[in-house]
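Asker: Quick mapping for you: the protein sequence lines, in order, are chains A and B.
To convert, note that position 204 of the first sequence is 204 in the working numbering; the numbers rise steadily by one, no gaps.
To convert, note that position 44 of the second sequence is 1044 in the working numbering; the numbers rise steadily by one, no gaps.
Hints are computed from structural coordinates only; laboratory data are not their basis.
C-beta atoms are modelled at their ideal positions from N, C-alpha and C, and glycine is treated no differently.
One or more of the hints may lead you astray.
Simulated restraints, written as ranges between beta carbons of each label pair [unchecked claim]: (1) 89/A <-> 1071/B: 27 to 33 angstroms; (2) 1255/B <-> 146/A: 38 to 44 angstroms; (3) 1016/B <-> 119/A: 22 to 28 angstroms; (4) 71/A <-> 1114/B: 30 to 36 angstroms; (5) 148/A <-> 1227/B: 31 to 37 angstroms; (6) 1126/B <-> 149/A: 29 to 35 angstroms; (7) 11/A <-> 1108/B: 55 to 61 angstroms; (8) 238/A <-> 1015/B: 55 to 61 angstroms; (9) 99/A <-> 1119/B: 29 to 35 angstroms; (10) 1255/B <-> 149/A: 32 to 38 angstroms; (11) 238/A <-> 1237/B: 43 to 49 angstroms; (12) 1012/B <-> 163/A: 32 to 38 angstroms.
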Amino acid sequence: MSRKRFNATRYSPWIASIGLFVLWEVLVRGLRVPVYIVPTPSASLEAAWTFRDAIWMHAAQTLATTLAGFAIAVVFGVVLGALVGSSRAIYAAANPILIGFNSVPKVALVPVLVMWFGIGSVPAVLTAFLISFFPIVVNVATGLATLEPELRDVLRSLGASRLDVLLKVGFPRSLPFFFASLKVAVTLAFVGSVMSETVASNVGMGYLMMSASSKFNMPLVFAGLLVIAAMGVAMYGVFSAIELRSTRWATRGSPTG
Amino acid sequence: MSVGFVDLDHVKLRYGGEDDAPLALDETSMKIDKGEFVAVVGPSGCGKSSLLKLVSGLMPPSEGNVIVNDQEVTGPLKIVGMAFQNPTLLPWRTTLKNVLLPLEIVEPYRGRLRGERKIFEEKAMQLLAKVGLGGFEHKHPWELSGGMQQRASLCRSLIHEPDLLMLDEPFGALDAFTREELWDILQGLWLERPFTVILVTHDLREAAYLADTIYVMSKRPGRILVRQKNTLPRPRDQETTFSQDFIDLVHVLKNHIRDVRAA
Chain A
1 MSRKRFNATR YSPWIASIGL FVLWEVLVRG LRVPVYIVPT PSASLEAAWT
51 FRDAIWMHAA QTLATTLAGF AIAVVFGVVL GALVGSSRAI YAAANPILIG
101 FNSVPKVALV PVLVMWFGIG SVPAVLTAFL ISFFPIVVNV ATGLATLEPE
151 LRDVLRSLGA SRLDVLLKVG FPRSLPFFFA SLKVAVTLAF VGSVMSETVA
201 SNVGMGYLMM SASSKFNMPL VFAGLLVIAA MGVAMYGVFS AIELRSTRWA
251 TRGSPTG
Chain B
1001 MSVGFVDLDH VKLRYGGEDD APLALDETSM KIDKGEFVAV VGPSGCGKSS
1051 LLKLVSGLMP PSEGNVIVND QEVTGPLKIV GMAFQNPTLL PWRTTLKNVL
1101 LPLEIVEPYR GRLRGERKIF EEKAMQLLAK VGLGGFEHKH PWELSGGMQQ
1151 RASLCRSLIH EPDLLMLDEP FGALDAFTRE ELWDILQGLW LERPFTVILV
1201 THDLREAAYL ADTIYVMSKR PGRILVRQKN TLPRPRDQET TFSQDFIDLV
1251 HVLKNHIRDV RAA
């Protein structure tokens, strides 16, 4: 591997992201797009700085909401995934229900949750949970269900209980699947919480953007979008790093996997 | 009539356990002594692997009895070690930890492992050294060649000192040199502490090299057609394979297999 190529891989995400912003800035200025349609990134960043206290508060709220929903999704997803993955009968029973549920647009559930729990963080947490548990269930179940039959025979012939098989082989084996799903799930959780905040809350990034757009403050709306995107990328990065550290065997030590 | 250490008495095995399901094994009888090295050869798909599952208790017979160590087999036996063509090592564990896996499951080791881990690790290291894997204890399986993985798999099947070792074409995927090297390693381990071995193989030379007794099975549904004693002196080595007795034995086996395939 040449040194030059290594550098290209390393810096290309930064170059691409910054390039996108530059392109955006140039296009908006060049085409004279009015600020109430699409603001420039510089105007959005300026708005982010001007409203930094409000954004900080709302972003913290959204982050907490998202992570709470995501945490529930992880626990629920692992338990349900373990059940579904370790029994063919449960798999067959749960599959159509899960797929059906996943096909329902979660935004349609927000009014229901508001009826039950009122306006605020609870529907947002639950929406984040409902939207993000599915990939975790599917991945954990897949990791467990694809255990090699020979390996199962080796363990059973040693007198291993189902729990032994699950703990010694099933869970470690499904870890790479699990972490891969966490990366996807945490970004979905942001979608869920912001969506719910937009419809039914008076705190959080979703609410902030709704109220900004009702005041035609487009730079602030875009600032909100950028903050959400940044939080999503950061969380993805966190789980990516955890994945690399804990499942090095699955990527055979190569950092790009 | 005396009962063997492993004793199959007119055993039938049907796929899926239904009464009208096709037979995998038909009227199979075997009597294996303690410490005997048995090889089972036969055309592919003749139920050799089913035989292993039957003896280790992973599958119940549809008819007849399977007795191991004076007890009827009703569930998975705990005195069994197994190795397959696919080494099935756990990729997230080092070689050493892979070998220690059975000790984490089988009693009495399971209870003792925490307190005496060093002792068992030492034992596993010695076993790994014996099969030529000294120095590879802390490597992961993907860092080992296929032959090395198979050696590790063999160590895993023996670490808990099973009385009965089941080998399902363990050397089938290896190159000829590695395979014959592993024959010697397996023979060495067996001569050191004679455990009962049932080796399923396609390779007639392998059967002639390793086994005391060779069973030839028919096409599906599998039956035992021939029980061939192998009295070649031990330890056998490369020279053995060029002796007339060895060549004659392989020839006899080959003729049996030809007859089976033609039947």
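Asker: Hint by hint, note whether the structure agrees.
Answerer: Results for each hint:
1. Checked against the hint of 27 to 33 angstroms, the pair residue 89/A and residue 1071/B passes, with Cβ atoms roughly 32 angstroms apart.
2. Judged by the Cβ atoms, the range 38 to 44 angstroms given for residue 1255/B and residue 146/A holds: they are separated by roughly 43 angstroms.
3. Hint check: residue 1016/B to residue 119/A, Cβ distance near 57 angstroms, so the stated range 22 to 28 angstroms is violated.
4. For the hinted restraint 30 to 36 angstroms between residue 71/A and residue 1114/B, the CB-CB distance of approximately 32 angstroms keeps it satisfied.
5. The hint said 31 to 37 angstroms for the Cβ distance between residue 148/A and residue 1227/B, and at roughly 33 angstroms that hint holds.
6. A beta carbon spacing of about 31 angstroms between residue 1126/B and residue 149/A agrees with the range 29 to 35 angstroms that was offered as a hint.
7. A hinted range of 55 to 61 angstroms for the beta carbons of residue 11/A and residue 1108/B is consistent with their spacing of about 58 angstroms.
8. In this structure the supplied range 55 to 61 angstroms is violated for residue 238/A paired with residue 1015/B, their Cβ-Cβ distance being about 50 angstroms.
9. Against the hinted window of 29 to 35 angstroms, the Cβ-Cβ separation of residue 99/A and residue 1119/B comes to about 51 angstroms, which falls outside the hint.
10. Here the CB-CB span from residue 1255/B to residue 149/A is close to 34 angstroms, well matched to the stated 32 to 38 angstroms.
11. A beta carbon spacing of about 59 angstroms between residue 238/A and residue 1237/B contradicts the range 43 to 49 angstroms that was offered as a hint.
12. Judged by the Cβ atoms, the range 32 to 38 angstroms given for residue 1012/B and residue 163/A holds: they are separated by roughly 34 angstroms.
Hints 3, 8, 9 and 11 from the earlier list are contradicted by this structure; the remaining hints agree with it.
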